[in-house]
Structure formats: structure tokens, C-alpha cells
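Visitor: Generate the whole structure from the sequences, applying the supplied hints.
Numbering of the sequence shown is given in my numbering, commencing with residue 1 and proceeding in unit increments.
Everything hinted at is true.
Below 20 angstroms or equal to it, Euclidean Cα-Cα: the simulated EDC-like pairs (lysine to aspartate or glutamate) are:
no., residue 1, residue 2
1, LYS103, GLU85
2, LYS122, GLU85
3, LYS103, ASP83
4, LYS41, ASP24
5, LYS113, ASP87
6, LYS136, ASP26
7, LYS136, ASP126
8, LYS113, ASP126
9, LYS122, ASP87
10, LYS122, GLU137
11, LYS113, GLU85
12, LYS41, ASP26
13, LYS113, ASP124
14, LYS122, ASP24
15, LYS103, ASP87
16, LYS136, ASP121
17, LYS136, ASP24
18, LYS136, ASP83
19, LYS136, ASP124
20, LYS122, ASP22
21, LYS122, ASP26
22, LYS113, ASP100
23, LYS136, GLU85
24, LYS136, ASP87
For the record, the hints were derived by calculation from the structure and aren't laboratory data.
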Amino acid sequence: APRRITAASGGSVHVLVLTTYDTDADITRAIGAGATGYLLKAERPDELFTAIHSAAAGRTALSAPVAHRVMARMRSPRPALTDRERDILGQLARGLTNRDIAKALFLSEATVKTHLGRIYDKLDVDTRAGAVAVAKEQRLLP
1 APRRITAASG GSVHVLVLTT YDTDADITRA IGAGATGYLL KAERPDELFT
51 AIHSAAAGRT ALSAPVAHRV MARMRSPRPA LTDRERDILG QLARGLTNRD
101 IAKALFLSEA TVKTHLGRIY DKLDVDTRAG AVAVAKEQRL LP
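Guide: This is the structure in C-alpha cells:
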């Protein structure tokens, strides 16, 4: 939604996300989509008021726990995908099932599932579509 809103406004509208979700994936998705700020609903009213004014002026506004998570994530590099994980991710992007990926790469389905779990962890996603979207965003696919 932030991307559609800012695009429709020609960039003149600033989106401030107010939510109860504070996972890395949710935060990254919102900020990546163009949100100016990301606040948790537990914010005190005065902090919420200040954040709204900051976002309206185009300044970043983050809840303290969110800012802490973002900083911690920036300080700790993500583990790189292995060559095999990249192979599996490429097959995933083509829309193949676990069984088809296993056949194409001469692996067992269980091994494919294990690699997918590691890929999800490294990309901080929960779904196949999420993995492909992040991989495209981060240019991990050819």
C-alpha cells in the first residue's frame, strides 16, 4: 500500500505505518515499499503526535523498538546463500514444486525442503513467494 499511495500522489504524500507487527520482514517490506515511518500501536500519544508531524515533513519516524531492530540488522550482515541455495531459489522462481526441484537438481525432496528452510531464514521470509520477491529485490537471481 505505501508504494501505491506514494506513487499515486507523485511522491507528495508520506506514509506512516501504524501497526502491531514488528517482525524484520514486516518492517523491511513497509520501508522498502516507501513508508516514511513505522510505528507500533503501543506508542504513547505524544510520541505518536510527534511522529505524525515528522512523517508529514518527510522525516523518518520509527518506534524505538523498530529503530533498535533496524540498527541491529544493519550491524549484523546476513549470511550469504550457498551455491546450492541459489540453484534452488532459481528453480523456485521458475515456479517449480519441491518434487520438480528435487528431480531437476538430483536431490531428495527432504533435502530441497531443508534448503528452502535455510533460504527462508537467510532472506527473512515465510513463503515461497516471499523468497522469490526478496531474491528479485536483492538481485540474487540471474
